[in-house]
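Trainee: Chain by chain, the residues run as shown.
Number of protein chains: 2
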Amino acid sequence: MGVVEELERIFHPRGLAIVGASNKPGNLGAFFLGGFIQQGFDKDKIYVVHPTENEVGGIKAYPTAQDIPGDVDLAVVFSPRRSVPQVVRDCTLKGIKGVVICTSGFAENSADGAKLQREMVATARSGGTRLIGPNCVGIYCPSSNLVNFAGMMPRESGPVGMFSHSGSLSVMFPVAAAAKGIHFSKAISCGNSCDLNESDFMEYFGQDPETEIVVAYMEGVHDGRRFFQLARDISKRKPIIVWKCGDSDVGSRAAASHTGALAGSPQVWDAAFRQSGMIRAESADDVLDLLQAFYYLPLPRGNRVAIVSGMGGMGVAIADNCMEYGLEVAELTEVTKKRLDQFVPEVGTCPDNPVDLGMGSAFNRQLYIDTAEALGRDENVDTIIMTTGSWQPNYVNQVMQAMKGVEKPIVFVTTQGLRIMMEEPRPVKGVAIYDDGRRAVRAIAKMVQYRRYRSGQQV
Amino acid sequence: MGVVEELERIFHPRGLAIVGASNKPGNLGAFFLGGFIQQGFDKDKIYVVHPTENEVGGIKAYPTAQDIPGDVDLAVVFSPRRSVPQVVRDCTLKGIKGVVICTSGFAENSADGAKLQREMVATARSGGTRLIGPNCVGIYCPSSNLVNFAGMMPRESGPVGMFSHSGSLSVMFPVAAAAKGIHFSKAISCGNSCDLNESDFMEYFGQDPETEIVVAYMEGVHDGRRFFQLARDISKRKPIIVWKCGDSDVGSRAAASHTGALAGSPQVWDAAFRQSGMIRAESADDVLDLLQAFYYLPLPRGNRVAIVSGMGGMGVAIADNCMEYGLEVAELTEVTKKRLDQFVPEVGTCPDNPVDLGMGSAFNRQLYIDTAEALGRDENVDTIIMTTGSWQPNYVNQVMQAMKGVEKPIVFVTTQGLRIMMEEPRPVKGVAIYDDGRRAVRAIAKMVQYRRYRSGQQV
Chain L
-11 MGVVEELERI FHPRGLAIVG ASNKPGNLGA FFLGGFIQQG FDKDKIYVVH
39 PTENEVGGIK AYPTAQDIPG DVDLAVVFSP RRSVPQVVRD CTLKGIKGVV
89 ICTSGFAENS ADGAKLQREM VATARSGGTR LIGPNCVGIY CPSSNLVNFA
139 GMMPRESGPV GMFSHSGSLS VMFPVAAAAK GIHFSKAISC GNSCDLNESD
189 FMEYFGQDPE TEIVVAYMEG VHDGRRFFQL ARDISKRKPI IVWKCGDSDV
239 GSRAAASHTG ALAGSPQVWD AAFRQSGMIR AESADDVLDL LQAFYYLPLP
289 RGNRVAIVSG MGGMGVAIAD NCMEYGLEVA ELTEVTKKRL DQFVPEVGTC
339 PDNPVDLGMG SAFNRQLYID TAEALGRDEN VDTIIMTTGS WQPNYVNQVM
389 QAMKGVEKPI VFVTTQGLRI MMEEPRPVKG VAIYDDGRRA VRAIAKMVQY
439 RRYRSGQQV
Chain S
-11 MGVVEELERI FHPRGLAIVG ASNKPGNLGA FFLGGFIQQG FDKDKIYVVH
39 PTENEVGGIK AYPTAQDIPG DVDLAVVFSP RRSVPQVVRD CTLKGIKGVV
89 ICTSGFAENS ADGAKLQREM VATARSGGTR LIGPNCVGIY CPSSNLVNFA
139 GMMPRESGPV GMFSHSGSLS VMFPVAAAAK GIHFSKAISC GNSCDLNESD
189 FMEYFGQDPE TEIVVAYMEG VHDGRRFFQL ARDISKRKPI IVWKCGDSDV
239 GSRAAASHTG ALAGSPQVWD AAFRQSGMIR AESADDVLDL LQAFYYLPLP
289 RGNRVAIVSG MGGMGVAIAD NCMEYGLEVA ELTEVTKKRL DQFVPEVGTC
339 PDNPVDLGMG SAFNRQLYID TAEALGRDEN VDTIIMTTGS WQPNYVNQVM
389 QAMKGVEKPI VFVTTQGLRI MMEEPRPVKG VAIYDDGRRA VRAIAKMVQY
439 RRYRSGQQV
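Chains as they are written, first to last, in our numbering: chain L, -11 to 447; chain S, -11 to 447.
These are computed hints drawn from the structure, not numbers from a lab. Computed from a prediction, not measured in an experiment: that's the story for all the values here. One should not assume that every hint holds.
Said to hold, decoys possible - Heads up, incomplete: computed chain L residues facing chain S, CB under 7 angstroms, no partners named:
{"hint": "1", "residue": "ILE25"}
{"hint": "2", "residue": "GLU43"}
{"hint": "3", "residue": "GLY46"}
{"hint": "4", "residue": "ILE47"}
{"hint": "5", "residue": "LEU81"}
{"hint": "6", "residue": "CYS233"}
{"hint": "7", "residue": "ALA259"}
{"hint": "8", "residue": "GLN263"}
{"hint": "9", "residue": "SER271"}
{"hint": "10", "residue": "GLY303"}
{"hint": "11", "residue": "ASP329"}
{"hint": "12", "residue": "PRO333"}
{"hint": "13", "residue": "GLY336"}
{"hint": "14", "residue": "ARG426"}
Stated by the list, open to error - In silico SDA-like links for lysine to any residue, alpha-carbon gap of 20 angstroms or less:
{"hint": "15", "chain 1": "S", "residue 1": "LYS325", "chain 2": "L", "residue 2": "LEU16"}
{"hint": "16", "chain 1": "L", "residue 1": "LYS12", "chain 2": "S", "residue 2": "ASN352"}
{"hint": "17", "chain 1": "L", "residue 1": "LYS12", "chain 2": "S", "residue 2": "PRO333"}
For glycine and all other residues, C-beta sits at the position ideal for the given N, C-alpha and C.
Construct the entire structure; sequences and hints are all you get.
Mentor: Here you go:
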C-alpha cells in the first residue's frame, strides 16, 4: 500500500482510539474526545484506551489498544511520553493504520526524547503502522468528523488541504478562513515528523480529489529533493501556498526547539520557490490573502490591471503598488475611454486608468457598475481592482452582483474605515475583498506569477 | 498674522458660511450643512449663501457672503466652478479669514480651470483671505464641530492631526482610527493647495497644542525646502507619519490629474525620509498600524525584543520578522531564564527567547501573565511581543491588566482566527494589538528608528 492509500485510510478510519484520555480535570485526551463527539464522529466507533479508567466521557475504556474489540484505523495519543513507545507497540500489534502522537518531549526536547522517538518509529515500521507527530495537535478532516482541536473547528468541508509545522496554525487558519467562506478538506499538524512528513502529505494532497489548493506552514524539510520534485509536479495542477519560516538565525533555533526541524538555507528556499511554482506567503495575513485570491478568483490572463477609485488617493496608491509588484496599469482601448467619457462626471474625476469616479460616486453606485462593465469588456484589462468610494449599505454586494458575467478577477479594496460604515461585504466566486490596496495587488501579482509557471513561461 | 494664527482662527470660526447649498435634491452643500448641524455646530452661527434660495435646511440664505449680518471666519464653498471666483471675491470683501473650496474642475482638470484658480488666489491675497482647496472635502475639527463629510465623523477629539492630498482618505482615516480608540484633533483635505499647502499645515500642527502626532497622505510637495525643514524640526517633538504615493510613472500621472501635484522623484523622497525623521508608511494598513503604535506605546528604549508564543509557529515567524526589520531577539538575563524555568512546563515549550509556552497555555492564562512579568523586569528586553495562544474570553484584557506597571511597549498579535473566538480586544495605553506578527514587528522597528532620530543618533 502506498502512502496515499495509507493516509486515505487514516483520514477515513473505521474506528478511532483516543489513547491517554482520563477523567482527571484538564486532561487533554478527554478534551479531544469531547471534540470528536461534538464534531459528529460516530460514538459507537470511538474507543478510549487508558491503563486504569473504565469509562471516560461516556465512552468505555480499554487497558490497551490490543483489548479493543472493533476495527480501529486511527489512534490519537495523549499518554505521558515515557509510556508512548508501549502505546505504539500495542497499536501496531492491533494493526492500527495510523497513530497520531500529540504528546511532546521527544526529539525537539532532549537526547533522551530523541531516543524514545527512534524506538517508536522502529516499532511502527516493523508492523506497517504509520506515525504522525509526535508533538502535534492531530489531524482535521471535516468530511469524516476528525478534529485537531475541540470546540472551534468548522464542520463544513472545502477544497483547501493544509499541512503545518505549527500545530496552532493548523487550527488557526481553518478557523480564520471559514470567516471568509473558505473551508478545508484536511489540516495536518506534522509535529516532529518522525515518520510521515511534509513530502508524504504533499504527495497525498497532490492526489486527493477533495483538495484543490494546498497550504503549508513550514520550518524546514526532511527530504528536500523529493519534496521539491513533488511540488514542481503538483503546482501544475494545484496552487501550493507556502509560508516558510525559520530563516533567521534565531528563527531557525526556535524552529529546532519547536519541532526539531532543520530550516535549510534561505538561498536554497529562494531557488526552490522560483523553480517549483510554489507561491510564497510572507506572513499570516498573506496566507489568508492568497487563499482568498486562489479560492475565489479565476487566474488572471495577464498582468494588466484596471483601477477604479471613488477615493482618488487610493487609485494613486494602487498604481504605485502595481509598479512595486510588477503589474501593469492597463492602457484602456479607445472604445472603453469613449464609453467612460459618456457617463463619468466631468470634474473631480479621471476617465482614464486609474479611473477616478470622484466624490459624487459616494452617492451613485450605478457609476461603479457602469465602469466595471466597461472595463470588464476591455480586452486590454486582465484584472479589475476597485476601491469603494461609497458607504451605502449593501453597495459592494450590488456591484458584485452586476459583474457576475465578467470572467476576470475582480478585487474590492474596502478600507478599514469604510467597512465600519457598511455591512461587511463577503467575497463570492469571481470577487475577492481586501482591506488594503497593497495586499490586493500583492495577491494578484502572485496569481500572475503562478499562471506563468503553469503555462510553462519563464517566471 | 502668521499662518498658524490664521489657521487657528479658521479652525475656530465665530461664524460659518455654507456657500452653494441649495434645496435641489442631492446638493452637496446641503449635505454638508446637515453634517455641521449634526456635528453640533451652533445653528445660529451658520449662514447659507445662495443666489436664489431663501432658506436651506432650516437656515436662512443670503444672496452673497457680503450680505451676511454676523461675523464669519470660515466659508465652505460648493458653488459651480464658474461662479467660484466671484464667491471668493465676496468672501474676501466680507473679511472672511478662510475659504475652503470643495468644488472641483480647476488646475487638476484643464488650462481653463488653472486660470480660474489663479484668479481666485489673486483676489484672496489682495484681501488677506486664505484659501484651502479647491477640489477638496473640507476640514474636520471635532473640538469646534467642523466636519469634512456628513454623518460619519467621530465627535470625539484626540491628539492626531492629519493633512491629506486625498479627500476621501482624510475622511477614512479618522473613522478607521476611531474604531481603535484613536481620535483626531484636525483633518485637512488639501485638494489642489492653490494657497495654503502641506507646509502651512505642517507648520500649524507643529505648534498646535491639540496635536501630538501628525499623519499625512501626500502625492507631492509644493515647497520641498520649507516642508522638509519643518519636518526635521517638528519630528524632534512629534512623530510625523507620512504615506507618500505617486512614485510610479502612472501613479504620478494619476496624482497630477487628482490634485495637480508634482510627485517629485522617489530618490528625493527617500533622502527626505532619512534626514527628516518622518516615519514612512507603506500602505493604508501601515498608516493605521503606525498610528496605533505611536498613540498607545511608549517609545522602545532600544531594538531588543522578547517574543512570547503559545503557538510556536508564530514565535518562529516573528523571530524571522525581527531580522527582516532590523530588530534583535533579546538575550534574556540569567535571572529571567531561571524564573521562566520555574513555571514554564517542561515539554512542548521553550523557556528561552522566543518563549514558547506550548499548547497547555491555551488553558492557562496565568502562564502568560507570569511570563510577561518576568520579561517586563528583564533589563535586556526593550519590547515584548506576545502572540495569543488562548481563546478564553477576555483573556487578552486580563493579561494587559496584569502588565499595567511595565514601562515598555507590549504588543499582542491576536491572529484573525483567534480573534473570531474571543471578544475583540482593544488597545489600551501601553499595549497595542495587531492581527499579524509581521505588521507588529514593522511598527516597532519604525518606532526604534524614530527614537534614534529624536535622540540624535544616526538612523
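Trainee: The structure should be examined with respect to each hint, and the outcome stated for every one.
Mentor: Evaluated hints:
1. For ILE25 of chain L, the interface hint is violated, since its Cβ never comes within 7 angstroms of a Cβ in chain S; the closest pair sits about 19 angstroms apart.
2. For GLU43 of chain L, the suggested interface contact is broken, since its CB lies about 23 angstroms from the closest CB of chain S, more than 7 angstroms.
3. Hint status for GLY46 of chain L relative to chain S: violated, with the closest Cβ pair at about 22 angstroms, above 7 angstroms.
4. Residue-level restraint check for ILE47 of chain L is violated (minimum Cβ-Cβ distance to chain S is 21 angstroms; threshold 7 angstroms).
5. Because the beta carbon of LEU81 of chain L sits about 26 angstroms from the nearest beta carbon in chain S, more than 7 angstroms, this interface hint is broken.
6. With its C-beta approaching chain S no nearer than about 4 angstroms, CYS233 of chain L sits inside the 7 angstroms limit, and its interface hint holds.
7. Given the 7 angstroms rule on beta carbons, the hint for ALA259 of chain L is violated: about 18 angstroms separates it from the nearest Cβ of chain S.
8. With 7 angstroms as the threshold, the beta carbon of GLN263 of chain L stays out of range of chain S, its nearest partner Cβ sitting at about 22 angstroms, so the hint is violated.
9. Here the hint on SER271 of chain L is kept, as its CB sits about 4 angstroms from the closest CB of chain S, short of 7 angstroms.
10. The interface hint given for GLY303 of chain L holds, since its Cβ lies 6 angstroms from the closest Cβ of chain S, which is under the 7 angstroms cut-off.
11. The interface hint given for ASP329 of chain L is broken, as the beta carbon of that residue sits about 14 angstroms from the closest beta carbon of chain S, more than 7 angstroms.
12. Because the closest C-beta pair between PRO333 of chain L and chain S is about 9 angstroms apart, greater than 7 angstroms, the hint is violated.
13. At a threshold of 7 angstroms, the smallest CB-CB gap from GLY336 of chain L to chain S is about 3 angstroms, leaving the interface hint in force.
14. Interface hint at ARG426 of chain L: satisfied, since its Cβ lies 4 angstroms from the closest Cβ of chain S, which is below the 7 angstroms cut-off.
15. Proximity of LYS325 of chain S to LEU16 of chain L is assessed by CA-CA distance (about 27 angstroms); at most 20 angstroms being required, the pair is judged violated.
16. About 16 angstroms separates the Cα atoms of LYS12 of chain L and ASN352 of chain S, which keeps this hinted pair within 20 angstroms; it holds.
17. The suggested pairing of LYS12 of chain L with PRO333 of chain S holds, with an alpha-carbon distance near 18 angstroms, which does not exceed 20 angstroms.
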